[in-house]
Amino acid sequence: MEVLFMDALDPVVLARLQFAANITFHILFPTISIALGWFLLFFKTRFVATNEQHWMDAYQFWVKIFALTFALGVVSGITMSFQFGTNWPGFMNTVGNVAGPLLAYEVLTAFFLEATFLGIMLFGRGRVSEGVHTLATWLVALGTTASAFWILALNSWMHTPAGFEMINGQAHVTSWFEVIFNPSFPYRMTHMLIASGLTGSFLLAGISAYRWLKNDRSKDVMAALRTGVMVAAVLIPVQIVVGDLHGLNTLKYQPAKLAAMEGIWETQKGVPAVLFAIPDKATQSNHYEIAIPKLASFYLTHDWNGEVKGIKEFGDQHPPVGPVFWAFRIMVGMGLLMLAVSWFASYELKFKNALSKRTAMVLVAMTFAGWVALVSGWYVTEIGRQPWLVHGVLTTAQAASKVPAGNIALSLAMYLTLYAALLSAYVSVVFYLAKKAVDGGHEASTDLKGIRHA
Amino acid sequence: MHEFGVDLMSPGGWLPLAFALVMALSMLAYVILDGYDLGVGALLDSADSVEQKDIMIASIGPFWDANETWLVLGVGVLLVGFPMAHGVILGALYLPVALMLVALSLRGVAFDFRVKAKAQHRPLWDKTFYIGSLLASWSQGFMLGQLITGFQQDTAGYFFSALIGFCLVFTYRLLGAGWLIMKTEGALQMQAVEWAKSSLWLTAAGVFAISVATPLVSPRIFDKWFSFPNLLMLLPIPAMTLALFLVIRRSLSRLPTRFAQGNQYGAGVPFASTVGIFLLSFYGLAYSLFPWLVIDRINIWQAASSPEALMVIFYGVVLVLPVIIGYTVFAYRVFWGKSTQLRY
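Sequence lines, in order, name chains G and L.
Its first residue numbered 67, the first sequence is counted upward by one per residue in my numbering.
Its first residue numbered 1381, the second sequence is counted upward by one per residue in my numbering.
Watch out, some of these pointers could steer you wrong.
[What the hints assert, rightly or not] If you anchor each label on the Cβ, the simulated ranges turn out as follows:
#, chain 1, residue 1, chain 2, residue 2, range
1, G, LEU279, L, LYS1507, 32 to 40 Å
2, G, ILE306, L, ASP1676, 31 to 39 Å
3, G, ILE306, L, ASP1534, 54 to 62 Å
4, G, VAL114, L, GLY1696, 29 to 37 Å
5, L, ALA1567, G, SER490, 47 to 55 Å
6, L, ARG1677, G, ASP76, 55 to 63 Å
7, G, VAL114, L, GLY1392, 46 to 54 Å
8, L, LEU1504, G, LYS378, 49 to 57 Å
9, L, GLY1537, G, TYR498, 54 to 62 Å
10, G, LEU402, L, LEU1659, 53 to 61 Å
No lab work stands behind these hints, which were simulated from the structure alone.
Ideal Cβ positions, reconstructed from N, Cα and C, are used throughout, including at glycine.
Only chain G is shown next, with the shape it has when bound in the complex (with noise of 0.2 Å):
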């Protein structure tokens, strides 16, 4: 009791826990502005080549839960910028020479641009033409597309950094392309960006299932419903393919994290896929294993001998196993749910042409599916990094504050409180705004419909 007490006010794991409550937090908007802002596009599109109604009026449902999601990623997006360096200085003084020009990067090239034609394209119709406000929907989601481009360069430079020299203790750039394309970004970035299209596939689907329950027939949820389950289902196999491709990516870079996701203790060939185990620490050891026989070595090396190295090859520098196994299991399993779901949904959609009760009842179980499966994935790869902050270069304990963990306590049991009422408040409100719209129909878009046709 008393160790976990000394633990518990150690600064570096109160700043860790506050950065990692910060992220959370913070990561579940963008993954849903991002993907909805190329749905609102689609629909705005299709509205403006079809002129049928219906595509207008999706558009102004889900534009309404655009702007929530986005003032939530803003608020809780500028939290962020401040944390980088109260949280962390020591990263910025030792690799401050290629984060800050790719910070800054995003900020001059997205987040001006989304935030200002975010009014446009929220306020505009009626104010400007319809190509106008059509290229500021246009605008609002390259904007929320490219700022993923810049942080995720970023992010991907700190788990395979490239393309720099140290000099003093500083990292110094010698290839900007060698950052930005470092060899774990494609991966990451596609795997973040098929993330942020599921997430934003299931809500669609799940909100639109919803009113489809309430006997909300009306032909903008069919069309929303539709998007939703026909993306999803197209996704997600794309993504079980890029998520083996960055994981092959991880353990060619960062052999110790992969390790930890697949629970492997000892350095083997022919080593077994672990389905389910709990890692034991003390031990070095797995309890309770199942596992299906050589199978990891085949899939992590198209070998079913090839041999593939164990956390105890790694000495202490290693991530905690527990963690990183079993957030890597819950994605997987997430992703696979995904999977079935979206198939039999799309299924029933396009052979039945209907949805069954059950379907739909899934379906809106599974609104917030994509957060679980992201979360996870996150976890495991930011975990799985520890204990660097930057691979090789800077550990998470060099680069901490010496802001007094008072503090830290102090405005971490803010942050959580503020986090807990958002986070609550967004999701009832999401559903909230699903059953107005089932009452009260489409009242809210029909002034806006006036100014149009005058």
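Starting from the known structure of chain G, arrange chain L on it as the hints suggest.
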């Protein structure tokens, strides 16, 4: 810049200077732009009716998000351009920064929730928006107080900073009221004139307090202002500031009669003059502090990142910042004129 041993012809000399300028201008843009929408937030609780609140919110709706991005740019430049100072400054301001972030979060989301949550929750989100705006303004003022006292962390320092926080709330209220006078009509506009009047004196008190305190903190700053011929050349700054306060006072006493006659002439004067006061105060402050990021301890050259990293960002700034300013102006033009109900 011989006294700092800096060669302005070398990239290591002029790049930090250029970035200090970009950071200062971003912060200036932030306090003016987010200042008016924080001010409108801090006035929200004084509005008479739900309709008035809706129009007040509508007047800032399309802009607040982009306004806050200037803070991200300003702090971003501090972080990437002057990492050492970023650690020291934000470390010293840890708790007020945390308070500001929580407050900004609350108001940012309340803005959306108030129209989307259940109707009976709306007063709660309005209150959240109001309190968030108030606390964010106050904590920014507190940080300003800390900055100009060189992060004096004792009772006197805290008291002074708290006082500046209090004054900044009223300064933002003045700016927000000026914005509402410009963007609204009828009863709300009349109300905004009264709000501006009631905020004027504490704004002046804040500007005065900072002007007196800054030279007292550092003998170097004192000499900068009060030696000859500097004193004569700098005199226009306080003189123009005083003149602008008088212009606002006169305008506020004349506007109600004009508005009553349906004449909108001069509705932009209080806002524009308040912006003028911001510009002059900012200039004065920058003159006092330059080139120190932490008074007499860390200057911009000591804190700067490597010239090559700054150069990479500099290209981006030169290329992109004009574009940002361009589309910002475009967005303001789109929503030019009196505010109407926002619906989407």
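Here's how the hints hold up against the structure:
no.: 1; hint: LEU279(G) <-> LYS1507(L): 32 to 40 Å; verdict: holds (34 Å)
no.: 2; hint: ILE306(G) <-> ASP1676(L): 31 to 39 Å; verdict: violated (60 Å)
no.: 3; hint: ILE306(G) <-> ASP1534(L): 54 to 62 Å; verdict: holds (60 Å)
no.: 4; hint: VAL114(G) <-> GLY1696(L): 29 to 37 Å; verdict: holds (33 Å)
no.: 5; hint: ALA1567(L) <-> SER490(G): 47 to 55 Å; verdict: violated (37 Å)
no.: 6; hint: ARG1677(L) <-> ASP76(G): 55 to 63 Å; verdict: violated (29 Å)
no.: 7; hint: VAL114(G) <-> GLY1392(L): 46 to 54 Å; verdict: holds (52 Å)
no.: 8; hint: LEU1504(L) <-> LYS378(G): 49 to 57 Å; verdict: holds (55 Å)
no.: 9; hint: GLY1537(L) <-> TYR498(G): 54 to 62 Å; verdict: violated (46 Å)
no.: 10; hint: LEU402(G) <-> LEU1659(L): 53 to 61 Å; verdict: holds (60 Å)
When each numbered hint is compared with the structure, violations occur for hints 2, 5, 6, 9.
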